[in-house]
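*Asks:* Could you build all of it, start to finish, from the sequences and the hints given here?
2 protein chains.
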Amino acid sequence: MESKNLFKANVSPKKVIVNDGFFGKYIELIKKVALPYQWDVLNDRINNAEPSHAVRNFKIAAGLLKGDFYGVVFQDTDVFKWLEAVAYILMAGPDAELENKADEVINIIEKAQQGDGYLNTYFTIKEPDKRWTNIRDGHELYCAGHMIEASVAYFEATGKRKFLDVACRFADYIDTVFGEGPDKKRGYPGHPGIELALVRLYKATGEKKYLYLSKYFIDERGKTPNYFELEVEADREDKNEIWKKLGLRYYQAHLPVRSQTTAEGHSVRAIYLYSGMADIAIETGDKSLIESCKKLWRNIITKKMYITGGIGSTSFGESFTFNYDLPNDTIYSETCASVGLIFFAHRMLQIDPNSNYSDIMEKVLYNSAISGISLDGKKFFYVNPLEVWPEASEKIKIREHVKITRQSWLRCACCPTNIARLLASIGKYIYSISEDEIYTHLYIDSETELDLSGSKVKIKQETKYPWSERINISVYIDKEKEFSLLLRIPGWCDNAKIFINNEEINLCDIKVKGYARLKRIWKNGDVVEVVLPMVVQRVRAHPGVRADIGKVAIQRGPIVYCLEEVDNGPNLHEIMLPVKSELNADFDKNLLGGVMVVSVQAERYNSKWTDDELYKFEEESEYRPVTVKFIPYYAWANREPGEMVVWINER
Amino acid sequence: MESKNLFKANVSPKKVIVNDGFFGKYIELIKKVALPYQWDVLNDRINNAEPSHAVRNFKIAAGLLKGDFYGVVFQDTDVFKWLEAVAYILMAGPDAELENKADEVINIIEKAQQGDGYLNTYFTIKEPDKRWTNIRDGHELYCAGHMIEASVAYFEATGKRKFLDVACRFADYIDTVFGEGPDKKRGYPGHPGIELALVRLYKATGEKKYLYLSKYFIDERGKTPNYFELEVEADREDKNEIWKKLGLRYYQAHLPVRSQTTAEGHSVRAIYLYSGMADIAIETGDKSLIESCKKLWRNIITKKMYITGGIGSTSFGESFTFNYDLPNDTIYSETCASVGLIFFAHRMLQIDPNSNYSDIMEKVLYNSAISGISLDGKKFFYVNPLEVWPEASEKIKIREHVKITRQSWLRCACCPTNIARLLASIGKYIYSISEDEIYTHLYIDSETELDLSGSKVKIKQETKYPWSERINISVYIDKEKEFSLLLRIPGWCDNAKIFINNEEINLCDIKVKGYARLKRIWKNGDVVEVVLPMVVQRVRAHPGVRADIGKVAIQRGPIVYCLEEVDNGPNLHEIMLPVKSELNADFDKNLLGGVMVVSVQAERYNSKWTDDELYKFEEESEYRPVTVKFIPYYAWANREPGEMVVWINER
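As you go down the protein sequences, you meet chains A and B in turn. Just so you know, numbering that gives the first Met the number 0 puts the end of the first sequence at 650, numbered straight through with nothing missing. Just so you know, numbering that gives the first Met the number 0 puts the end of the second sequence at 650, numbered straight through with nothing missing.
Because the hints were derived from the structure by calculation, they are not lab data. Treat the hints loosely; a few may be bogus.
Because identical chains share one entry, a pair is satisfied inside a single copy or across any pair of copies.
What the hints assert, rightly or not - Derived pair list, reagent style BS3-like, types lysine-lysine, alpha-carbon separation capped at 30 Å:
(1) K184 x K522
(2) K394 x K238
(3) K615 x K496
(4) K243 x K125
(5) K7 x K100
(6) K579 x K607
(7) K427 x K510
(8) K58 x K478
(9) K24 x K518
(10) K129 x K238
(11) K294 x K615
(12) K222 x K396
(13) K396 x K244
(14) K14 x K161
(15) K427 x K286
(16) K31 x K294
(17) K496 x K607
(18) K518 x K244
These numbers come from a predicted model, not from an experiment.
*Replies:* If you want it as structure tokens, here you go:
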């Protein structure tokens, strides 16, 4: 069932060194601050944060400590995602301290594994006789997925097999429990994730049964009679309110996956599932699966995605809702969903190297994803709103999920380690390759060694992107070689220019699916200069998006902007943007770690109202001119807490 | 503790005949359609409606039928409010059929009364040993209040004492259970309502203990230690989510009532409580209570009321939220809360005859209150939204309380009978009097006989208000008499004119608190003509109301307007109102029972978008001219279901 070479190949993060630019600083932050901090949280050494107990759960399951399980049923995954992030950091270079911590917890994890390979601290400690009885909500397969991902990454980073072996034993055991064979359960995970993990495990080990098991989970999903319905009937009185309202859609189990054409239900489950589907499509060349992936992708990005790349329109079920329903204030836009959307985009780029995917990957990365972590690396957003009214978040039930400051930790702490593992592995999203092509999806200051049908090609990007519109790309190669270097021309960019060794290239004839294809015989030391003019732009939403009608957002390059109260005073809703006003960008090296700031001559509502008036008959409202200051969306909530808004009324 | 004559007196609905104008038609609808229909529902004779079981509960409690209780714990009140509405209809003239039905159910109610006077079908059938153990949520005192109100009205309408005696027996028993004496419970109702009812019972019977019991409930409320907290500790594990988030505020029990200055919690509970406080203030002259009432009133109407007069900003706890939080789409604006706000306004007019109160009473009446009943009298809104997106109501949890069509009946059916009793008694809200003053609060085609320090004064209003701006008021009197006729000059009206016997009066010197005071020696047959020019006006909301910033609403006279999809096509949010466009009113006798329609040259968003675009860089949006048609808000959802919006974007 393989047809791999139809597709472009990804590049291992091991091959990429991200230098000290925009993302280089983030990787340094993850390595030096976020991962040590998260280790302390996972070991319950931070006082002013939600308790984690995650490592303790493993110790209890391993028999090393007495005690009870604490946390959500998937508390284990916090440790696994932390380990995965550590692995990516170790790929970039040694860090004895992190590696020691990782080995320490891997030893405990190994001890927590049961004789038959089973590994899940919740069920081991709390309900040992309830294994696999609640596949819909129990998260056992989801936890296994994160363990597998981490173990593969750690093996690839360090060459150490212990954790990988633990994962294989568990995967082998799962393979005996689920599937089409006699005495096997015909279930599949309520929370997807193991599908993509098993493909990774297959690629790391070469063991095909992992691929088949993943394919089984994908193929089985949503068949009639429905496994989840049978499971509930057999097992329990169902009190799940989400189930009552959203039904099987919540779990993406309402239809077989090849019949699913719209993104439904819990957005993180959905996006992990779609990523797994894409993986299976890549490994098998399954055209119907590719078609489904393309339809689901299209539904998300043309109907259900915020301008920041965030997905998930409501806290109820943390879910997608319906086309064009994108409220800014009761939004969900979970950090994990953004991470997952990058996963999905990255896989779609393997299937079809088209800037439709990489433009969105960039959008998510620079906006809704990195919004999830504070500039100091120790605070995290679960929900990434586009409009914040602090008093409403405090007092209104339907807005209480919208926090106005990032949290030290969370009761359900899926996001902090997820953003850490994404940023630690950012290098792998820059390129994909085939035998004679190098696709450049992202512009990131970095050095990479690529293997092009046996030849080593080094690519060095030098840039201050996303602040600077210039990227210098140097090609180093032992001997001349013909191949195509494809450079993404971002959708936000008009008038891109490309120079090879100072000579401008005519882009008209060489643009393919959003990429400039530079096909030539490359020599060592060739230099490509890419200029992507970054005009500050007004963005409007499709008129179907009721929340944004009559409103405008500001973007420069890939960066979406917002207004914060700390810069513009309270009552941001009173600010209106005139249609014609100039938008000026200036770099402020002292602000928020150094950001491009956008200033605009705007207007502020200025009619006089007394405290006694709630409504009045008024012929015309008054406005006064005011200069407003926009900052990059991702950097909001790093100063005094207050209001924030992305979409501004126009007049 | 009496000081009654400080205050203006209300007028019994018995004294007022509402003729065949705007409200005359509503009364006819209530009498001929709504009450017979509701009787059938209460007796479970309507197939396509939510089951009621309300009469059946009484039959079961009375031992006339076997069976179990069905419904909410306060299901009894549907019958009581129906009886109260019937009483008002009977005051206006005989209706043997309605009276027979009323007597029939009163007989059953009497039989359901327990030996000690207790009367509540839920507790009698379901939990006889749990009486008074959950005063916070059990609604026993609330149910008693509605019974008392109905019994007084029925006694006043028919002179029959049976129901009144039942109520007195229950009230006497309650008086032995609650109060400051030894062995009495120091509780007060979780859902207020009995306070105002007991004052009514006192006034009907002269029995002071009812007044004292009411005053006890008012005075005791919110004292520390808190009764509800003690009750929960003593009785049960508390799983009430609303309690967890809103606490004692939900019940208006967070402070003693005289320390409450802002409207908090469940809006119907709040407004019934404030009405009861005003009643006690009127009966006792308690200045601190008057001050509290004024502060609470002011907080509502200057910070927490929709333009339609609706109150309650969120479905969570059906509650008030905080100042200026008035979302149009997740709104509550329960019909019962509007009815209650009219009660409160009516009482405040006794305390202080000021158009601040009567203007709001009119606003609520013509907009958020009558919006609660369909033009055919058989369908009812619980929630009265200001903006409706049908797909969102169907699919989004936080909007599912916003129905797009009125319902045949409701699981919690408090609103249908509440709007019925309000409309059936509308006559009593027109005037209040003192020894030598007649305050005219409402302009309603009607005839009234008033007793002015012994003299009978007949006032006849002839008008097609609210469509016509002219009201003819004739005064009939046996012999000349000096008194003041005070006529409200509505806040929405500029350039009001008043003529007495065709001679124009200069209003400059005679306007007092929003009323024109016509003090003179009146002769039989004197005619006053009131002209209240009704220009179609733009209304704006205080800029603190974020939901309405940059938006405008349309009002003519007291009537607030809206756009409906059936007149203007889908995507109403794409319609923008230019600041300068003309607003034209025309009466359409064939539309919605005859309404004034407002036409406006507006603009509709016209930029072209493909199905693939969700966001784009666009210099300027395009608009095309379009004529839009506004209808009165109260009349929406009487044709094909679809979108509706009150606040329109301006540009």
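*Asks:* Determine for every hint whether it applies to the structure shown.
*Replies:* Hint check:
Taking the shortest alpha-carbon separations for K184 and K522, neither the intra-copy value of 57 Å nor the inter-copy value of 94 Å comes in at or below 30 Å. In this assembly of identical chains, K394 and K238 lie within 30 Å of each other by CA distance both inside one copy and across copies; the values are 27 Å within and 20 Å between. In this assembly of identical chains, K615 and K496 lie within 30 Å of each other by CA distance solely across copies; the values are 22 Å between and 55 Å within a copy. For a Cα distance limit of 30 Å, the shortest separation of K243 from K125 qualifies both inside one copy, at 26 Å, and across copies, at 28 Å.
With identical chains, the CA atoms of K7 and K100 are never at most 30 Å apart, being 36 Å at best within one copy and 80 Å at best between copies. Taking the closest pair of Cα atoms, K579 and K607 come within 30 Å of each other both inside a single copy (26 Å) and across two copies (20 Å). Within a single copy, K427 and K510 get their C-alpha atoms as close as 24 Å, which meets the 30 Å cut-off; across copies the closest is 78 Å, which misses it. Within a single copy, K58 and K478 get their C-alpha atoms no closer than 55 Å, and across copies no closer than 99 Å, so neither meets the 30 Å cut-off.
For the identical chains of this complex, K24 and K518 are neighbours neither inside a copy (33 Å) nor across copies (82 Å), given an alpha-carbon limit of 30 Å. For the identical chains of this complex, K129 and K238 are neighbours both inside a copy (18 Å) and across copies (27 Å), given an alpha-carbon limit of 30 Å. Taking the closest pair of Cα atoms, K294 and K615 come within 30 Å of each other only across two copies (21 Å); inside a single copy the shortest separation is 49 Å, beyond that limit. For a Cα distance limit of 30 Å, the shortest separation of K222 from K396 across copies, 27 Å, qualifies, whereas the shortest one inside one copy, 37 Å, does not.
When the C-alpha separation of K396 and K244 is checked against a cutoff of 30 Å, the pair qualifies both within a copy, at 18 Å, and between copies, at 8 Å. Taking CA atoms no more than 30 Å apart as the test, K14 paired with K161 passes inside one copy only; the shortest distance there is 23 Å, against 92 Å between copies. When the C-alpha separation of K427 and K286 is checked against a cutoff of 30 Å, the pair qualifies only within one copy, where the shortest distance is 26 Å, while the shortest distance between copies is 74 Å. Taking CA atoms no more than 30 Å apart as the test, K31 paired with K294 passes in neither setting, with 40 Å inside one copy and 56 Å between copies.
For the identical chains of this complex, K496 and K607 are inter-copy neighbours only, at 29 Å across copies versus 51 Å inside a copy, given an alpha-carbon limit of 30 Å. In this assembly of identical chains, the alpha carbons of K518 and K244 never lie at most 30 Å apart, being 54 Å within a copy and 63 Å across copies at closest.
The structure does not agree with the numbered hints 1, 5, 8, 9, 16, 18 stated previously, though it agrees with the rest.
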